[in-house]
Amino acid sequence: MDEKRRRFEAQVMPHLDAAFRFARWLSRSPGDADDIVQDAVLRAYRGFNALRGSDAKGWLLAIVRNCHATSVSQLRRRALVPLPEEHDVRDGHVLVADTGDPQHESILADEARTLDELIAALPQDYREVLILREIEELDYREIAGVVNVPIGTVMSRLSRARAALKKHWHLRASGDTHGTS
Amino acid sequence: MAHPDSQRLEAYFDNEISAPDAADIDLHVEQCAECRTQLQDLVRLRAALRQDLGHYQVPQAMRTRLARALDQESGTDSRRPSRVPFWAGAFGGACATAMVAVIAFVIFFPPPGNALVDQLVDAHLRSLMPDHLIDVESTDKHTVKPWFAGHADVSPAVGDFEQQGYRLMGGRADYVDRQRAAVIVYQHGAHLINVFSWADDRRGLPRSLTRNGYQLVFWRSGDLDYCAISDTAPDELQRLIGLLQALGELRGINPGVNRNPPG
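Keeping their order, the protein sequence lines are chains A and B.
Quick note: the first sequence uses my numbering, first residue 1, plus one each step.
Quick note: the second sequence uses my numbering, first residue 1001, plus one each step.
Every clue listed holds true.
Straight-line Cα separation of at most 20 angstroms, EDC-like style, residue types lysine to aspartate or glutamate; simulated pairs:
| id | chain 1 | residue 1 | chain 2 | residue 2 |
| --- | --- | --- | --- | --- |
| 1 | A | 166 | B | 1052 |
| 2 | B | 1141 | B | 1162 |
| 3 | A | 4 | B | 1073 |
| 4 | A | 166 | A | 117 |
| 5 | A | 167 | B | 1052 |
| 6 | A | 167 | A | 125 |
| 7 | A | 4 | A | 55 |
| 8 | A | 166 | B | 1005 |
| 9 | A | 4 | A | 39 |
| 10 | A | 166 | B | 1131 |
| 11 | A | 167 | B | 1131 |
| 12 | A | 167 | B | 1041 |
| 13 | B | 1141 | B | 1160 |
| 14 | A | 167 | B | 1034 |
| 15 | A | 166 | A | 116 |
| 16 | A | 167 | A | 117 |
| 17 | B | 1141 | B | 1153 |
| 18 | A | 167 | B | 1005 |
| 19 | A | 166 | B | 1014 |
| 20 | A | 166 | A | 125 |
| 21 | A | 167 | A | 116 |
| 22 | A | 166 | A | 137 |
| 23 | A | 166 | B | 1034 |
| 24 | A | 4 | B | 1071 |
| 25 | A | 166 | B | 1041 |
DEER-style ranges, computed between Cβ atoms:
| id | chain 1 | residue 1 | chain 2 | residue 2 | range |
| --- | --- | --- | --- | --- | --- |
| 26 | B | 1179 | A | 148 | 46 to 56 angstroms |
| 27 | B | 1118 | A | 156 | 33 to 43 angstroms |
| 28 | A | 163 | B | 1146 | 34 to 44 angstroms |
| 29 | A | 151 | B | 1210 | 16 to 26 angstroms |
None of these hints come from the bench; they were simulated from the model.
We put the CB at the ideal spot given by N, CA and C, even for glycine.
Here chain B stands alone, though its shape is the one from the complex (with noise of 0.2 angstroms):
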């Protein structure tokens, strides 16, 4: 297949082409370094873009003027009807005052895992800064697991799936909630999945969710606690994080000790 021509490659990188063409690129990309490339570009620009002009938020001085710009609008709506008895004002007072004590309890305890959610987020985007990706750089799991032995507490289950079209990149090591953290990158077609895995702590993980367009999964396998954060779609995250889970059984109960599974 001839090169796609660069409005097509960054279609495919938008997940903006049907199923069988995205698999011819998928095909071609795997030949071609200039491609590669090329995606790789692209992966870095949306993580610098992100990064750096993704954070900006509505101050709360506005949140606060909106809100009550807004009062006054629904004010005139609800005035044109029919006029509201006493009794109504005051149940609406009361709600207005619980809707507020409400908003102040979300912003000031805020779920927790949020901490351990930036942070995985922060580290996501930071790998995805030029060099910053990978320490270990071998497709071979025989070497990138060993290598987590002298760098990151933990010790997860690596395997390559590049069968399945996840292909094993490298490893690197992280630090997650006070922890060095192992991480194994992986590629799949145009887009990066880092496998964060650390010890547990018994706290509880946080629901999988998006944050920045990035999906990020939990789970716990063993004594670990696992993250998978990309922007591939879910379910093809979800496949590889299946693999994973299947390997972790496949090693026993305890698959966070040290010691490689023969073969």
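Chain A with its partners taken away, still in its complex shape (with noise of 0.2 angstroms):
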């Protein structure tokens, strides 16, 4: 293996699975976060040259973002919108572990497909902040970075998502406390 190889797979292979979620809040489907990432890997190998400092995981972030973008406005060139429902299960990810008793299975799985929603459902710009913060857990600024907006805009499209997705939240929450034990 070569010493750029080494290099990058030291660097940047460690965020792989950052990348991969990323790529999936936001194309909303696994499928697509496939090709995004591989896409995103491949472009961030032949510029790998071209990273300076050590932020390489806002880097590789920012790329995947790219991507998204050409990825979609490749499909709406083609007007090639595929329906959701053939979307997630093309590529056969097993999203949820099937084994175990089912009745428990079910009642998680409806969990996380009910927060999942909220989040599917919230404009990509607070989606993506959210996201960054809250799970990649980047940073004000390292978002700043990779959105490619000022701090000021960061903060205020984050303090709006959560408020949005707190307030669906809370009535989601109330209407079914049973469900978290």
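Using the hints, build the complex out of the two chains.
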């Protein structure tokens, strides 16, 4: 393995799960996330010599975001917008383990789907900031770098996303307090 | 001080404001139930998001595909400058094989303590869900400590460090390593800290680490193993641990024995 590849494996590949999660929440589809991440990793590798400093995670996530934007605009151009259902099962991803007590599993799956749906329903501007902060643990400055907006915009989007989510989540929690134990 | 607006309170929650500003809000939050509720909501929302959405991982098939794509990419890179002699290729092949063996080893034989870490992180996240945090709610160590006698298998050092900024909130029993562990809950600013303790089984503790954004710090005191877990800053977690360790030393050689210190 050559030197560039070795450094790439050490600096960038540890953030592959983060890239996959981010792609998944941008595209709202595991099948698309595969393509986006593959595209992003290859682009990152080709441009790896340009990476300065240590923020490989933010750098990779910014590339993921660009790849997603490209794939969206391509889809639009071709007017190829697949139905969400057939999309979700296309690659045969199993997001919920199919072992164990079926009743217990179905409760968990229902919960995840509901919070999934809440996130998916947020506009992308809000969704991406929320995911980068709460799941990927980027700080405001790093998020501003990935999304390419000023820090003040990051703060207001994050705040509005949290407020919207909290409101619906409270409604859900008050209607279903028994399923969480 | 007036209520901080929600963006400012969130910046405080996200550790994005200066230390003096944070100290102002610390003081305000102490006295303002409304802001405390908002902070709790933020903590719970984050915990729920991380639990429900944070676990997606790249499927193995995809990792393999990516590695192959990168092999092709780096192949075109290395072919450009010069032809690689045969022995270097053979050596590279051997390195790749060794690499695969190492990766397979790491995947199939994870380091010990992983299961313990998973249990602790799960228990911590569960505790952040509504109504799961505390079984015995009290800021009085003389209430919390005796409660463990009937509900957990061990009796850890319990102290209230409100003066130092770590407010005792109560206790809880949780299963760790197939024992009923005693959990002490502290609040530090906007952060909750769970301190787990269970009987030491001489298997050695994992090193301190970060998992899902939560710090886990392990230590041993007397015949008990402890783990403090929180999303607070590492040095702030260390400070509480220092206080707890000092308390354990005060109680003598055998802090795990179920007896209350005088005073």
